[in-house]
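The sequence shown maps to residues 1 to 314 in this note's numbering.
If you're looking for bench data, these hints aren't it; they were derived computationally from the structure. Note that the Cβ used here is the ideal one computed from N, Cα and C, for glycine as well. Heads up, some of the hints might be wrong.
[Claimed, not checked] Computed beta-carbon distance windows for the label pairs:
hint: 1; residue 1: GLY145; residue 2: ALA243; range: 12 to 22 Å
hint: 2; residue 1: SER216; residue 2: GLY49; range: 19 to 29 Å
hint: 3; residue 1: ASP189; residue 2: SER129; range: 47 to 57 Å
hint: 4; residue 1: PRO142; residue 2: ASP31; range: 43 to 53 Å
hint: 5; residue 1: SER239; residue 2: MET70; range: 22 to 32 Å
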Amino acid sequence: MGVMITPQESSALYELLAEQTTDIIIKTDCDGFIRHVLPAGAAPPELAGGRLEGCHLLDLVDTPFAPAVMAGLRATLAGRQESKWVEFRSPRQAVPGNWFGLRMRRLLDEDDRPYGAVGIIRSIAERRSFEERLFAAAMTDPLTGLTNRSAFSWMLQHMVEGAVSGCLAMFDIDHFKAINLKFGHAAGDDLLVVFADLVKSLTRSQDIISRIGGESFGVLLPHATSDQAEAICRRIVTSLAEACGPAGGDRLRLTVSAGLAPIEHSLDATIKRAELALAFAKARGRNRVETASRQRSYWQGSIPGSDPESRIAH
Numbered sequence: 001m002g003v004m005i006t007p008q009e010s011s012a013l014y015e016l017l018a019e020q021t022t023d024i025i026i027k028t029d030c031d032g033f034i035r036h037v038l039p040a041g042a043a044p045p046e047l048a049g050g051r052l053e054g055c056h057l058l059d060l061v062d063t064p065f066a067p068a069v070m071a072g073l074r075a076t077l078a079g080r081q082e083s084k085w086v087e088f089r090s091p092r093q094a095v096p097g098n099w100f101g102l103r104m105r106r107l108l109d110e111d112d113r114p115y116g117a118v119g120i121i122r123s124i125a126e127r128r129s130f131e132e133r134l135f136a137a138a139m140t141d142p143l144t145g146l147t148n149r150s151a152f153s154w155m156l157q158h159m160v161e162g163a164v165s166g167c168l169a170m171f172d173i174d175h176f177k178a179i180n181l182k183f184g185h186a187a188g189d190d191l192l193v194v195f196a197d198l199v200k201s202l203t204r205s206q207d208i209i210s211r212i213g214g215e216s217f218g219v220l221l222p223h224a225t226s227d228q229a230e231a232i233c234r235r236i237v238t239s240l241a242e243a244c245g246p247a248g249g250d251r252l253r254l255t256v257s258a259g260l261a262p263i264e265h266s267l268d269a270t271i272k273r274a275e276l277a278l279a280f281a282k283a284r285g286r287n288r289v290e291t292a293s294r295q296r297s298y299w300q301g302s303i304p305g306s307d308p309e310s311r312i313a314h
């Protein structure tokens with residue numbers, strides 16, 4: 001025996017279900033104006049000040065998400081998008097937890113013509129926050145708080161593909177293994193943090209600093225000329241040496257070597273030239289900056305056909 005539900009009973013059930021969820025149920029017309037909201041007055045203030053009825057869908061979303069929301073409405077009315085969630089951020093970006101998902105289903109009249117859509121708006125702030133934390137953990141070096149090698153490679157690749165001019169600097173703290181052996185790994189970790197802070201204080205706001213290995217750091221210097229990049233690198237090298245002073249007693253002299261190369265047509269070529277320049281800095285006594293252009297001039301002026309990769313060891 002079937003269960004018959006009258007329209008009045010259906011409406012009461014609809015309202016009961018709406019009261020048991022944090023989701024917001026809306027009904028729109030074909031133009032995207034919201035004609036009805038359940039539960040009444042339950043919308044958070046970051047969505048049109050909490051008053052949704054009479055608003056347009058676009059009043060709820062930040063500008064970059066407007067095309068996706070309207071495309072979702074059009075697809076729903078055409079019967080092509082009955083179950084897909086559209087995620088958006090509200091215009092009030094300063095308010096925490098302003099990420100939402102919208103899912104819509106079209107409403108048809110007696111002649112099977114769409115006259116609007118019913119939708120669910122759901123807060124996805126917790127999930128987005130969790131995803132952002134996961135992303136940050138995957139892309140961040142936990143010791144220094146800098147981006148890690150994976151993030152560094154991704155950002156360099158982005159600059160290469162976008163033909164962004166600039167330079168790549170690579171730094172290695174000199175004799176780091178000896179520091180760990182003499183003073184312990186805790187002291188070595190402290191030195192890495194101090195050096196990371198030093199680099200942050202001496203680079204520009206647009207520069208991207210990453211810890212790419214144990215004692216190795218990479219700095220992307222977008223739009224910097226070779227002279228500008230070299231001046232920044234020299235400031236870092238000189239500042240560390242001056243801050244730590246000469247060796248003596250139980251102290252090791254703390255210095256850093258740097259290799260500098262312009263960003264080229266490929267990620268591998270850029271990294272290779274910076275690494276070779278860094279190896280050249282170490283081979284010439286450490287505590288110095290060497291550039292890829294100077295390294296190339298050196299080899300071209302020495303033995304014809306000599307290969308720097310075979311002559312310089314890291």
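Do the hints match the structure? See the list:
For GLY145 paired with ALA243, a C-beta distance near 20 Å keeps the hint of 12 to 22 Å intact. Under the hint 19 to 29 Å, the C-beta atoms of SER216 and GLY49, about 51 Å apart, miss the expected range. Against the hinted window of 47 to 57 Å, the Cβ-Cβ separation of ASP189 and SER129 comes to about 29 Å, which falls outside the hint. Hint check: PRO142 to ASP31, Cβ distance near 50 Å, so the stated range 43 to 53 Å holds.
About 53 Å separates the C-beta atoms of SER239 and MET70, a value inconsistent with the hinted range of 22 to 32 Å.
Of the numbered hints listed earlier, those contradicted by the structure are 2, 3, 5.
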